[in-house]
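S.K.: This is what each chain is made of:
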Amino acid sequence: MKRALLIGVLLSGVLALVPLTNDAYWLRLGTTMLMYGVLALSWNFIGGMAGYPSFAVAAFLGLGAYTGAVAQKFGLPMGWAWVAAGLSALLFATLLGAALLRLRGHYFAIASLVVAEVLRELVNSATELTGGGMGLNLPVPSMISVQAQASFFFYAMLALVLLTFVATVITTHSRLGFGLRCIQQNEAAADMLGVNTTAFKIAAFALSGVFVGIAGAIYASWVHYIEPPDVFDVLYSVKAIVMVLLGGAGSVFGPLLGAAAFLTLEELVWRKFLEVHTGVLGLLIVLLVMFLPRGVLSITQLWKRPKDHRA
Amino acid sequence: MSQPTAAMPTNATPLLALDHVSRDFGGLRAVSDVTLSVTAGEVIGLIGPNGAGKTTLVNVMTGVHPATQGTIHFAGEDITRIAPWQAARRGIARTFQIVQPFPEMRVLENVAAAAMFAGGLAHGSEANDFAMEQLRFVGLGEMALQPAATLTLAMRKRLEFAKGLAMRPRLLLLDEVNAGLNSTEVDAALDLIRAIAARGVTILIIEHLMKVVLNVCSRIVVLHHGELIAAGPQQEVIRNPRVIQAYLGRRYATDPSAQVGDRS
Amino acid sequence: MLFLQILANGLVLGGLYACIAAGFSLVWGVLNVINILHGSFIVLGGYLAFFGYTQYGIHPFVSIAIAAPLFFALGYVLQRTLINRMIAAPVLLTLTLTFGLDLMLANGMLAAFTADFRKLILDPPLGILRLGALVLPIDRIIAMLLALGLTGLLYLTLSRSRMGRAIVAVRMDREAAALMGVNVKHVYALTFGLGALMAGASGPLLAMIFPISPLTGPVYLGKAFVICVLGGLGSVPGAMIGGITLGIVESFGSLWFGPEHATTLSFVLLIAILLMRPEGLLGRKGYA
Ligand SMILES: Nc1ncnc2c1ncn2[C@@H]1O[C@H](COP(=O)(O)OP(=O)(O)O)[C@@H](O)[C@H]1O
Ligand SMILES: [Mg+2]
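Chains as they are written, first to last, in our numbering: chain A, 1 to 311; chain B, 1 to 264; chain C, 1 to 288.
These are computed hints drawn from the structure, not numbers from a lab. All C-beta atoms, glycine included, are put in the ideal place defined by N, C-alpha and C. There's no promise every hint is true.
[Stated by the list, open to error] Heads up, incomplete: computed chain A residues facing chain C, CB under 8 Å, no partners named:
1) I110
2) G279
3) M290
4) L292
Kindly generate the complete structure, drawing on both the sequences and the hints.
M.R.: Right, dumping it as structure tokens:
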């Protein structure tokens, strides 16, 4: 556990050097990658640890983005707006989890997928509050240069991904993480062994929501402008899943690895095939699922041999 | 018509008391008006042909399929409506007729989960050490670090014992722990059950065959079509004409291999 | 009178929805695969009818007969080559796989046909049927009847033909069916082919009524989900009941809440039903 945290902090230290390149392209890419890292790590709480096929990432992201934006519209400072976004996603995930986590398999997957659609429609129709389909502009932060702004949002995402990572490591090594693994393996048996499965699943779902909510708010501030189809895009949910598959579910570094790998692929695809980039993305997903269903996991598992493992 | 009950003649509060308990599945009454009590420290056998409702009765006791009618008390507390995990934490442990390990987790982790979540031990070495003790007790100490999926059936049954013990139960419900085992394995399991009983754990053994029950149980209750048709000391029960007629007689007629007490 | 008109609209819509959902439900029930491609198959079928009519003057009703074998073959091949290999994988993987395939198809259509909404307008139009105060466009009525006919054909295929019996056998008990000599992989591919056929064949019907665009694929997919939950999985009568229910709910919903909220309403209905009955309204356990 100490080792994982140490590696995480060191990695953040290295990444913290990226803004020194003063290169807008790399900063944009880096910020996106960090955001993907948050999405992947977050999905891992419910999808990887508890084994529930959630498609709710887009719902949390959009909710966070709009909470942050609306909070700032009412004069809350940016930092507090982000906190508010995190809290609203946390609350929403807890309530939603209490309702949806009684479902299994496809039914859970669909219900969680549909939530983003419903939220999008609600945001679309609450025109006075959210601007509806017109979208919502956010105040531009008071930093002088565009460069300083870009660095600022990069560091904000970096801090968030580090926070999510620490939460992941702590959870993995705690009673909660252990209980979630039991649920993932055999929920009925876990129940019979004294695991309060309902509470554990809700906790996992809440964890999978809170950081994504904050990421949504940071994203909104970063791009200055949001609209419903952008932030409630179901592709975010699918990307989070694909990143974890790519990096390997269940391990703490897997989702991060997957996020980096996925962004690299996405960027190459995006630049080469602008017209049909979602199609090529689809092809990528198909190839990944067909040929690497356990991701790079099969490789990462070689690193952690039985001996140093704790229950 | 007098309903036979399994109440002990003593005045002590029973550890487990079922009062007119029934369980329906749609139109099917799988457990019908069962009244039964178990005294702390005893080893009691629950027998009945396939489909008699034995597993359902265990599910009713552990909150998996809550009773449709009647009440259940455990150590004086009404537990009729509790969830399985709550039953586990109150000290009711069960093994599964069809074993249910966490396949990709280590044997030790399987048992440590029981020690932590039901046994109330702290995450980490406290739970692990206790789990290791139970594994040694059931003879699986060597297998501790293997994934549970790699165990043989007999070993998995032992793992179920270890998990049950790690829950630090006051009442252990063993649901056909011997099904599918060969005679040497059954004998070993019998020794294990005796050793567990010697630790002071109250045990309810659910069996399809009588041999095991006759070997270790002081008292036997018989379930047939969901109803409790006989209860009492073993010699009395196996001579009870209702039991012979309704259970052993019919089994004998259709399946000679199930004849009372002659198989090992 | 307004009530009757809305009810009639709902029934017309419902007949079409039954047709959309029947194949989706079949695939879900038999293969335990949610085919995200289903919506795009419908749209592709719609384009086939659109271009068939505008370029070659092929009547959309005729296009159905062209679409059916094409989509059946497409579905069969897709299942045989790709999806069969993942059939035993966790829900998450099969979902992601068909999602990836759908991205490819939807993007392909976008590149080929652009995102513009197109409407297939029959020339001359078929006119309108008036029954007292009821106003019923004839093209809609014929489309609904054809949709119900297709759904009925699927039902007959499943209950009467050898292929159908094999599919039902596999759905009931895969191991037993395999032991009895059924080639399960072939049957899975046939099932997926039938599902694709139903989607592709309902495309021309929908194209006559609604504007088509690659962007509408997810809308039809969403409807198919809702119908399955309403009516239960893997049974044609279930899809029929679910489809008609949704059609009626949507038309009254549009009246009361405004047409723009019809989809949201059906999704809220979906979640509410799932919460009350985690296996779907008429669903049975074992296909989750
Ligand atoms: N979950 C269930 N749903 C419906 N019926 C059940 C369920 N569990 C058990 N039954 C029925 O209850 C009766 C008793 O089954 P069971 O308790 O498993 O018997 P036993 O363990 O004595 O062999 C059987 O007829 C069985 O089919
Ligand atoms: Mg049983």
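S.K.: So, for every hint listed, does it hold in this structure?
M.R.: Evaluated hints:
| no. | hint | in the structure |
| --- | --- | --- |
| 1 | I110 | holds, 5 Å |
| 2 | G279 | holds, 3 Å |
| 3 | M290 | holds, 7 Å |
| 4 | L292 | violated, 11 Å |
Hint check: a violation occurs at hint 4 only; the rest are consistent with the structure.
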